[in-house]
Amino acid sequence: MRYFIKLAYNGTHYHGWQSQPNAASVQQTLNNALSLLLQTPTNIMGAGRTDTGVHAREMYAHFDYEIAIDSNKLIHKLNSFLPKDIAVFDIIQVENEAHSRFDATKRTYQYHIHTFKDVFLTEQSWYLNQKLDIALMNEAAKILFNHTDFQCFSKTNTDVNTFDCTIFEAHWKEEKNQLIFTISANRFLRNMVRAIVGTLVNVGMHKINLTDFENIIKEKNREKAGFSVPAHGLYLTKIEYPYL
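Heads up: the sequence shown runs through residues 115 to 358, numbered per my numbering.
It is worth saying that the hints were derived from the structure and are not from the lab.
So the derived label-pair ranges between C-beta atoms look like this: (1) M319 / H261: 21 to 29 Å; (2) K187 / K352: 23 to 31 Å; (3) N300 / I181: 32 to 40 Å; (4) T272 / D232: 32 to 40 Å; (5) N300 / F234: 33 to 41 Å; (6) A137 / T272: 16 to 24 Å; (7) K332 / K187: 49 to 57 Å; (8) N146 / D273: 22 to 30 Å; (9) N260 / E209: 32 to 40 Å; (10) R163 / I206: 17 to 25 Å; (11) K245 / N136: 39 to 47 Å; (12) N335 / T154: 43 to 51 Å; (13) K245 / N335: 22 to 30 Å.
Calculated lysine-lysine pairs in the BS3-like style (CA-CA distance at most 27 Å, straight line): (14) K352 / K187; (15) K245 / K290; (16) K269 / K332; (17) K352 / K198; (18) K220 / K332; (19) K334 / K256; (20) K198 / K120; (21) K256 / K352; (22) K352 / K269; (23) K287 / K338; (24) K334 / K321; (25) K287 / K256; (26) K352 / K120; (27) K332 / K256; (28) K321 / K245; (29) K269 / K220; (30) K120 / K187; (31) K290 / K352; (32) K256 / K245; (33) K220 / K352; (34) K120 / K220; (35) K290 / K321; (36) K269 / K256; (37) K352 / K287; (38) K334 / K269; (39) K245 / K231; (40) K352 / K191.
Don't be surprised by glycine CBs; every beta carbon is placed ideally from N, CA and C.
All chains, please: the whole structure from these sequences, using the hints.
See below:
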């Protein structure tokens with residue numbers, strides 16, 4: 115039987131989602147917990163891979179188990195056993211062919227910037243004490259809808275078959291002394307959101323204009339795009355499936 119697990123995590127103390135040798139990961143932490151509680155080796159498959167320090171308000175993964183699970187009981191046990199920076203919300207039985215990664219139709223990320231020094235946001239938001247032109251950044255964000263090839267925002271030497279992504283939503287909003295960028299797409303390339311944010315920040319600082327921003331996308335050259343903003347301001351906030 116296949117089960118989807120819905121969870122959240124603070125990525126501060128993890129080297130990303132994916133299991134790797136000699137480094138703490140969210141995936142391996144969950145594998146260890148499930149294997150112990152289900153008393154059988156269990157490997158989960160995540161809906162995607164978040165980088166070191168990136169957070170998730172909503173992540174899905176799937177695993178297989180041969181008998182029916184009491185979801186409420188297992189959720190309680192997992193939350194008691196897991197470290198305080200990982201929380202399980204739900205465990206859902208799905209069709210055996212369901213896949214947490216390949217069946218996802220839409221993913222949403224948010225990037226958080228705070229413009230004043232706040233000791234409580236140090237590991238949850240990027241402190242940027244700069245004046246930004248938010249209206250111009252939103253104009254630049256609209257340009258993303260005109261394109262599908264985002265090679266310029268992809269990490270170099272990435273093993274992918276295509277750089278095409280369909281962006282559904284991209285915009286900035288101000289909340290008191292915080293700026294939040296929201297972006298949704300059918301898929302994301304490695305480092306894509308952080309590179310987009312860095313390039314939009316350059317627009318907001320008037321280092322590049324709207325024409326420059328569009329030309330960066332057209333040229334498909336990562337070196338032309340802006341810097342990658344720090345990982346600790348990035349959150350995976352929502353994943354959508356046709357059957358959930």
